[in-house]
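S.K.: Here's the letter readout for the chains.
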Amino acid sequence: MTELTVNVAQQWLDGFAAAIAEHKDYLSELDTPIGDGDHGSNMARGLAAVQEAVDGKEFANLKDLFKSVAMALISKVGGASGPLYGTAFLEMAKLGDTDSDLGDLLAAALAGIEKRGGATPGDKTMVDVWTPVVQAVQAGGLKQSDVDAAVNSTEAMVARKGRASYLGERSVGHLDPGSMSSGYLFTALINTGVFA
Amino acid sequence: MSYGIVVASHVEDIARGVANLAQQAAKDVPITFAGGTDDGGIGSSMTKISAAIDANGADELLAFYDLGSAKMNLDMAVELADKPVHVYDVALVEGAYSAATLAGAGLDLAGIEAQLAPLKIK
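Going line by line, the protein sequences match chains V and P. Position 110 of the first sequence, counting from 1, maps to 110 under the UniProt record's numbering, and the rest follow consecutively. Position 119 of the second sequence, counting from 1, maps to 119 under the UniProt record's numbering, and the rest follow consecutively.
Some hints here could point you the wrong way.
Said to hold, decoys possible - Taking lysine-lysine and the DSS-like style, the derived pairs with C-alpha atoms no more than 25 Å apart in a straight line are: (1) K67/V to K115/V; (2) K120/P to K115/V; (3) K122/P to K161/V.
No lab work stands behind these hints: they were computed from the structure. Just so you know, these numbers come straight off a predicted model, no measurement behind them.
Start from the sequences, fold in the hints, and give me the full structure.
M.R.: This is the structure:
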């Protein structure tokens with residue numbers, strides 16, 4: 001098991017916010033041919049709200065921390081990503097006062113994302129990143145190569161959910177933006193050293 | 001038991017337009033709507049949808065939406081709502097209009113849902 005402490009979780013969120021701010025234009029660029037071109041700006045606005053909600057504050061447990069994160073994302077991100085990332089953190093919050101095992105937390109988050117969006121693996125969505133990541137974490141560790149492979153796997157897929165699904169076959173050859181931002185989330189998690 | 005209608009769209013004008021159309025067919029049915037993001041852009045907002053649910057005076061609500069993320073925000077708002085709200089994956093205009101008309105005519109939920117079933121497109 002890999003334990004997630006409040007301190008590491010806060011580092012994780014800081015790293016995620018920094019990565020989103022850095023790659024904001026790239027995320028919107030990915031979203032332009034197969035979406036509405038606003039994934040980067042939406043996520044950047046949401047993560048700025050997350051930082052405002054959690055930076056410099058003390059949280060007694062993961063539940064309180066993740067609940068604040070979820071509410072900031074739900075109210076500020078917009079698009080489909082707000083409810084999806086918001087649900088992920090809300091599901092982790094539900095476990096967060098009794099369970100600090102990262103595998104359990106991320107599995108609960110993934111189940112919430114699947115329920116909220118109705119996507120399954122292969123639909124060219126963030127689920128295609130979260131599914132192998134959860135498996136790797138539950139198996140004892142997550143490597144950057146796992147994350148990269150998962151993100152890149154979406155390029156060849158035909159979108160079956162979200163706005164990209166209206167493009168059908170024309171969505172092939174493009175990375176899914178939500179998978180890329182999920183990739184940044186998990187790279188930030190690895191960078192905390194929690195698996196080291 | 002009174003039924004009300006909630007319309008959620010990515011665009012405020014669409015939400016208002018569908019609500020106006022349905023209201024014209026059912027003058028006494030409470031109809032509220034939410035459209036666009038909090039800053040008036042195109043998108044959907046859980047906060048706005050929650051406000052439309054709260055503002056609707058009926059005991060039980062039937063909710064209609066346009067595209068995917070409006071459904072997700074609607075589903076979240078429904079989970080937080082303090083009254084029963086049913087979400088239908090049907091054509092927005094036809095669904096909201098039919099439900100309002102039938103609710104106005106005094107049908108019960110099962111009767112309304114039977115007529116909504118063939119309008120399912122999502």
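S.K.: Checking one constraint from the list: CA of K67/V to CA of K115/V, max 25 Å. Satisfied?
M.R.: The given pair, whose Cα atoms are some 18 Å apart, holds under the 25 Å limit.
S.K.: Take a quick look at whether K120/P and K115/V sit within 25 Å of each other, Cα to Cα.
M.R.: 19 Å, holds
S.K.: With the threshold set at 25 Å, check whether the alpha-carbon distance from K122/P to K161/V stays at or below it.
M.R.: Satisfied, since the Cα-Cα distance of roughly 11 Å is no more than 25 Å.
Against the hints set out earlier in the document, no violation occurs for any number.
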